[in-house]
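Chains as they are written, first to last, in our numbering: chain A, 1 to 372; chain B, 1 to 372.
Please keep in mind that the hints were generated in silico from the structure rather than gathered at the bench.
One should not assume that every hint holds.
It does not matter which identical chain is used: a pair holds within one copy or between any two.
[Unchecked claim] The calculated lysine-lysine pairs, modelled on DSS-like cross-linking and capped at a C-alpha distance of 25 Å, are:
| id | residue 1 | residue 2 |
| --- | --- | --- |
| 1 | K226 | K111 |
| 2 | K372 | K323 |
| 3 | K287 | K44 |
| 4 | K111 | K224 |
| 5 | K44 | K341 |
| 6 | K341 | K137 |
| 7 | K44 | K137 |
| 8 | K60 | K287 |
| 9 | K323 | K44 |
| 10 | K226 | K286 |
Remember, it's a predicted structure, so these values are computed and weren't measured experimentally.
2 protein chains.
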Amino acid sequence: MQVPPVFNPPPRRLLGPGPSDVAPSVLEAMSLPLVGHLDPVFVKMMEEIKAMQRAVMLTKNEMTFPVSGTGSAGMEFCCVNLIEPGDEVIIGVNGVFGTRMCDVAERCGAKVTKVESAWGTIITPEQIADALKKVSKPKFVAIVHAETSTGALTPVEEISKLAHAAGALMLLDCVTSLAGCPVRIDDWNVDAVYSGTQKCLSAPPGLSPVSLSPRAMEVATKRKTKVQSWYLDVNLLSAYWGQERVYHHTAPISMTYGLHEALRRVLLEGLENRWHRHEQNHLALKKGLAEIGLEIVSQAGHQLWQLNAVGVPAGVDELAVRKHLLTDYNIEIGAGLGPLKGKIWRIGLMGEASTKENVDAVLGALRKILKK
Amino acid sequence: MQVPPVFNPPPRRLLGPGPSDVAPSVLEAMSLPLVGHLDPVFVKMMEEIKAMQRAVMLTKNEMTFPVSGTGSAGMEFCCVNLIEPGDEVIIGVNGVFGTRMCDVAERCGAKVTKVESAWGTIITPEQIADALKKVSKPKFVAIVHAETSTGALTPVEEISKLAHAAGALMLLDCVTSLAGCPVRIDDWNVDAVYSGTQKCLSAPPGLSPVSLSPRAMEVATKRKTKVQSWYLDVNLLSAYWGQERVYHHTAPISMTYGLHEALRRVLLEGLENRWHRHEQNHLALKKGLAEIGLEIVSQAGHQLWQLNAVGVPAGVDELAVRKHLLTDYNIEIGAGLGPLKGKIWRIGLMGEASTKENVDAVLGALRKILKK
Chain A
1 MQVPPVFNPP PRRLLGPGPS DVAPSVLEAM SLPLVGHLDP VFVKMMEEIK AMQRAVMLTK
61 NEMTFPVSGT GSAGMEFCCV NLIEPGDEVI IGVNGVFGTR MCDVAERCGA KVTKVESAWG
121 TIITPEQIAD ALKKVSKPKF VAIVHAETST GALTPVEEIS KLAHAAGALM LLDCVTSLAG
181 CPVRIDDWNV DAVYSGTQKC LSAPPGLSPV SLSPRAMEVA TKRKTKVQSW YLDVNLLSAY
241 WGQERVYHHT APISMTYGLH EALRRVLLEG LENRWHRHEQ NHLALKKGLA EIGLEIVSQA
301 GHQLWQLNAV GVPAGVDELA VRKHLLTDYN IEIGAGLGPL KGKIWRIGLM GEASTKENVD
361 AVLGALRKIL KK
Chain B
1 MQVPPVFNPP PRRLLGPGPS DVAPSVLEAM SLPLVGHLDP VFVKMMEEIK AMQRAVMLTK
61 NEMTFPVSGT GSAGMEFCCV NLIEPGDEVI IGVNGVFGTR MCDVAERCGA KVTKVESAWG
121 TIITPEQIAD ALKKVSKPKF VAIVHAETST GALTPVEEIS KLAHAAGALM LLDCVTSLAG
181 CPVRIDDWNV DAVYSGTQKC LSAPPGLSPV SLSPRAMEVA TKRKTKVQSW YLDVNLLSAY
241 WGQERVYHHT APISMTYGLH EALRRVLLEG LENRWHRHEQ NHLALKKGLA EIGLEIVSQA
301 GHQLWQLNAV GVPAGVDELA VRKHLLTDYN IEIGAGLGPL KGKIWRIGLM GEASTKENVD
361 AVLGALRKIL KK
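Isolated chain A, as found in the complex (with noise of 0.2 Å):
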């Protein structure tokens, strides 16, 4: 066949769902020589991603390292782990992930009951506790913390209290809410919590940092039947991130080495300061929205900082703005999905891309489109 040419991407500002744009320094850190992944200096390493993890998600659980995935292994993980046939659970659902979470915990076996409120809305502890008097033995009630698909920050910390309350466990989806707002993970007394790396972490897509409670341990090592799944079972994966070391699959040695730039990144620069600087440059953006008359149309007070969902006018072509944007301006935002296909763009101001500057260079290219 006709060889390819080496792939040379442009270059793009990523303020769409994610991925994000990455630190230098982390895509210096992909570039290095590999190490094998049971060598004493990886090893090393491992432990050193397992501390700062814990650092940035408030947590001390020992259980805590990221799956060989993306985000949704990370979910997927999560409901294997915890979920046997049969099982019920409780699950938010306000946007594509809450929907999606349904998706995999059916087919681990649950009884799902899905707590629904209209995307752009968030999910209530009231919902939650009428849910609660319906269903007899929950497992696990489960809330998507930021929804990327719909820009609504639901509060935890209620709903945390009503699932233990109930004698169930916490499950959190902070893939997009991690590194960017409050992500509190010990405080909030969450048991079983994915993230990804391609949003407010700002390392490229490829790994899914968890970590699960000694709660949530117990009731995957005292589980009845198998995990389903070989790949992402906790009791084969905590002996190779455990102390033993037993070789399990070959950890993404390149993607670990970004990570763990990325982290570093993280704590030198504060998780309070990274958090006040995405909710500065968040309200900059919103402002400037206002000034050529657009709106976030996601529940007041309940917009998220890293990701806005910008209501499209009337009139407007949304995906000839969007490929304009991409085109004459190398800027890359996202379009809705599901519901709001049509409805919103989603601007992101994640991690690394969460800057004035960003903000300045979309609003002035909206401006030339939208001729305001």
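Go by the hints and put chain B onto chain A.
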């Protein structure tokens, strides 16, 4: 917390069972700036990857692409998509990876008939023929082509004919064989195959190139039950890797860059040239080992070119030798697993690492350490 310093890996020669050394141009590709996973330039690159992967696997299968996980995720991909609960399957077991596949298949609800050979030897067509007499309706026959844990290469063609004559699909693990010795998916009538990036393709670990024949796709699309893994469901993945480009999960952008460049390098060298290089360096290693009283212990006539199972002489501390190689020579080789633990070293000459210089380096170091 005290933030750890920048990770700085030592310059290893990776002559173990994988990961193997990665070419500088592949590391460079890994460090390119990211684009979005639905960006037209990324989509074009995905098409190039599919075409190159077909060329390397010698197949015309439309459904040929990399799964977003390591080789073990590829194994699970094949099993979850083809197996429905209660299905009968036949699996050749002559090492770690056949053993693993039985576990994976059982977790999918399969009734597994194991065809066992001693570790280090191959699975024969006669053994498969015997098993086929006992299994009424086998869904597939599966073989590990190159058993990385033992260094034995099982011929596929006859076994595939027997499988098809019995109405079964043929499933092949070519994690270690692909691009290091002949792998002819279409000529051998293989229906489902998975590989890994970190062996003879010489990209970092993290993706699993897979391919399904139209026959296997028919089984996957016409199943009565949902695929138990959402993440690995080919019915969903085909919509992203196919013409529709429907969002499924966020593709691991940088790993995909790396695989693109690694596949380019394989095709620019030429498959036959690459196989020949692996053969020549294996023969040179074998000759040099014999000169210092060491021998390859896997079955004569079926020894892998890319992974050499070397018997540990009586009285030699195998772990001490490996530590010595790593610490004083920066050379990684592998240990034996399972029944071969302590009995063999595994010297990989995979992809970029299959060079005369590496053969000389490992022989020279072993000569000094063993005082030969």
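Do the hints match the structure? See the list:
1. K226 to K111: both (18 Å within a copy, 15 Å between copies)
2. K372 to K323: within (18 Å within a copy, 67 Å between copies)
3. K287 to K44: neither (46 Å within a copy, 37 Å between copies)
4. K111 to K224: The answer is both: 17 Å in one copy and 19 Å across copies each meet 25 Å.
5. K44 to K341: Classified as between; 24 Å across copies, 46 Å inside a copy.
6. K341 to K137: neither (37 Å within a copy, 46 Å between copies)
7. K44 to K137: neither (41 Å within a copy, 49 Å between copies)
8. K60 to K287: Neither: 38 Å inside a copy, 54 Å across copies.
9. K323 to K44: between (45 Å within a copy, 16 Å between copies)
10. K226 to K286: neither (49 Å within a copy, 43 Å between copies)
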